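As they're listed, the protein sequences go chains A and B.
In terms of our numbering, the first sequence has 562 at position 562, counting the first letter as 1, and numbering is strictly consecutive.
If you count the second sequence from 1, you need to add 1000 to reach our numbering.
Please note that the accuracy of each hint is not assured.
List of simulated lysine-lysine pairs, BS3-like, C-alpha gap at most 25 Å [as the list claims (entries may be wrong)]:
| id | chain 1 | residue 1 | chain 2 | residue 2 |
| --- | --- | --- | --- | --- |
| 1 | A | LYS20 | A | LYS32 |
| 2 | B | LYS1071 | A | LYS315 |
| 3 | A | LYS455 | B | LYS1084 |
| 4 | A | LYS455 | B | LYS1071 |
| 5 | A | LYS20 | A | LYS526 |
| 6 | A | LYS315 | B | LYS1075 |
FYI, nobody ran anything at the bench for these hints, they're computed from the structure.
This structure is a prediction, so every number in the text was calculated from the model and none was measured.
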Amino acid sequence: MHDVSAHAAHHTPPQGFLRKYVFSVDHKVIGKQYYGLGLLAVMIGMALSWLMRIHLVWPNFAIPGLQWLSSAGAPGGVITPEYYLQLMTMHGTLMVFFVLTNVPFAGFGNFFLPIQIGAEDMAFPRFNMMSFWVTFVGFCVLVAAFFVGDGPPLSGWTAYAPLSALPGTGPGQAMGQTLWAISIAVFCIGQLLGSLNFITTTLDLRTKGMTLMRMPLCTWAWFITSCIGLLAFAVLLPACILLILDRVAGTSFFVPSNLVVSDQLVNHSGGSPLLWQHLFWFFGHPEVYIAILPAAGIVSHILVNSYRRPLLSHKAIIYCMMGIGFLSYMVWGHHMFLSGMNPFSALVFSFPTLVITIPATILVLIWIGSLYGSNLQINSASLFALGFISMFVSGGVSGFFLAQPAIDVYLHGTYFVVGHFHMVMGVAAIFGMFAGTYFWAPKMFGRMMNETLGKIHFWGTFVGTYCIFMPFHYLGLVGNVRRYSAFVDDYLAPLMPVHRFITIAALATGAVQLIFVYNLAYSRFKGKPAPENPWQGTSLEWATSSPPPWDNFGGKLPVVYHDPYQYGIEGSSGDYVMQNSPEQIQTAREDKKLI
Amino acid sequence: MGKLVAVTLILIAIGSAIPILAHIWVPPADISTHGYQIDEQMSDTMVEAGICFLAAQIILAVFIWMFSDRKPGTKINAFPGGAKGLVIGAFLLVGTEVLALGFFGTKAWATIYFTPPAADAMSIQVQAGQFAFYFRYPGPDGKFGPLHPEKINEANQNIFGLDVDNDPASKDDIVTAEMGVPVNKEVRLLMHAKDVGHSFYVRELRIQQDFVPGLDLQLHFTATKVGRYEIVCTQLCGLGHYNMKAYLNVMSQPDYDAWIKQQATMQ
């Protein structure tokens, strides 16, 4: 923590359009840029999921205009099986990297972390600008794969070698797969720069009085996530570089000897496909928490505001998030139970996977337990935050199954896995994004969003996502395998009605998202001007104007006197006391006795 | 609106549980000697996960019902026992559950992977390649001839890369596109991939194992029911992945003997 006057990061007000809105070093502009990029990626990703769902149940349906995107992949607009896999790969990659990592972590984190700790900007503003533009380049490289040669890769977002390492293994495995690997490597660089910046800012730029334990829960979540990201992306980056070398320089990191593709002996030797799996999942499992922890932090921040009371324990949430982050590095092998690694190691990976349910359960119990006796305020943000809890539980309990190697023997590679990770990592994190958007849009854009439209959006999304993803679990129980472009196996025919139901639910739920896009776009320009503190919040982002000035607090950094969530205070002027209010209060925190 | 959220949550929770309780979508009947352990483990986990799921959703719904839309200024009360009770409860309940699942799950896993196949188990080699499985039986001499990947040539039907002219052990090897096994006879699979990663999944056998290029992997099972079952690939292997399948034909011993004799004549 630093002296306020001496060490705040200073930069002069930006001049000119380019410096203000494009190559800006202002963390708020960069946060909005990440958010915008995430929004673009999620729209593409969702459109891809529509195409995939349509192909699965109406394989001969001609989608008007699709042939323009790929005349070979979709002749006459009808998606071919290989193009289905290519769309699926792009869907997964866009969603995991450019949506779930970008928005809850880089987007909201960039905008609000410095404000919530009372800083003028990030510790390294130029690095910050660079991290966004590097990420943007990664995005462009990935999307370019749609327009090269025979299209994007078809090896899935996990890009298992040697399918991903050998150019001749299928359509899209030439230039498309190389672009994929370059894109992800570039993305990793952006995330490493961002994580370093977040960590330094949190440790170094807190304003006077802002002790670590006085940081809001979302700040804690971004801080912990950046620690996870620094390690995770540092492993994926070299893995992608090795993959690129295997593809273009003839090395054999991931390709063993004696492989025969199309009756031709492959000229590689000595590599290990399992090495790719280890490196990928050493990143891949922590990535789940990179997506979900910021959402959990955002939701905690919003819930406590909606409950109008402190959570039962502030510290327990922080320690649980740390515990989850720590354990996330010990469980990667549960993605590889059936990969042929030593079967004893399956037990070693299974145990911490099951143990991770303990901190996750404590989080849920504190969110639900704190609701007891509260004055719950229902609005769009709190609805999505409550929906997050429900989704987190639904997606979490299916983890019990997949954590056990014996059950994984049956469920691995089925729709059960797809249902599990979509609910717990995808939908839950996206609910966190929606909650954050309704809660913070007034601060980010200075305009209120329409509450009625927000509530309609919630109902459509909440019911719709359950209709889509719960049946995935049922399909998995029957043994319906994933990543199939058509269900040609006899036993899958009776499951077609379930698939049709899912497709219709997906199309409808996707359509509901247009309400959100309209609401965001309309309120951005025509919404009611937002007051400084529309939700009667306590943390520092509500202690400045909406939107905040370029230096966040108008040249005078706030001084913090209180813990972050002083709600439900009797005898105070409202039912809350802001962190920077010098008002003397009896602390409302109830966790003094804990730990 | 809080009450509507509560009712919806309860309806979703119960609606999600009904197909499970009514056994509408269930795994096919098990036909292996080890599968019952996986099934039991899955049922136990379903009970535990189901209770957690229903309890969490319903309590969340009840609290939303009780504490939303209250009169402004209503005094807040604390959850009885506070965070301490919840944290201890989570450690005890979930910790016990985790230990129990972990412990019993280990037993089922160990039966499949830590018990070696019997000495008289029948060996079948499986080769997975884009986009078909092929099976090799050692023939009357009981020996597999060596593989020469450079000789693989699908056009000439040399699927495994055998050199029948120079390797005596290869001469009587039988290569098939369908996997025939005798009922109640232990089978040891010797698995390898020709090109990229694949996987071997037979739902009824409760068996799934990846093929990893460069690794020779083994798996063993005993099928207990005569019938024809689908073997499907569950590891994304390229454009024909969805169409990569073969059949497991479990036969009585006399039927198997006749089948393998017939296959031998077709080499």
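Consistency of the hints with the structure:
Under the criterion of a C-alpha separation no larger than 25 Å, the hint pairing LYS20(A) with LYS32(A) is consistent with the structure, at around 12 Å. For the hint pairing LYS1071(B) with LYS315(A), the CA-to-CA distance comes to about 30 Å; that exceeds 25 Å, so the pair is violated. For the given pair, LYS455(A) sits about 35 Å from LYS1084(B) by alpha-carbon distance, which is inconsistent with the 25 Å threshold. For the given pair, LYS455(A) sits about 21 Å from LYS1071(B) by alpha-carbon distance, which is consistent with the 25 Å threshold.
Taking the CA atoms of LYS20(A) and LYS526(A), the gap is about 22 Å. The hint holds against a cut of 25 Å. In summary, the hint linking LYS315(A) to LYS1075(B) is supported, as the alpha carbons are separated by about 24 Å, within the 25 Å threshold.
When the structure is compared with the earlier hints, violations turn up for hints 2, 3 and for no others.
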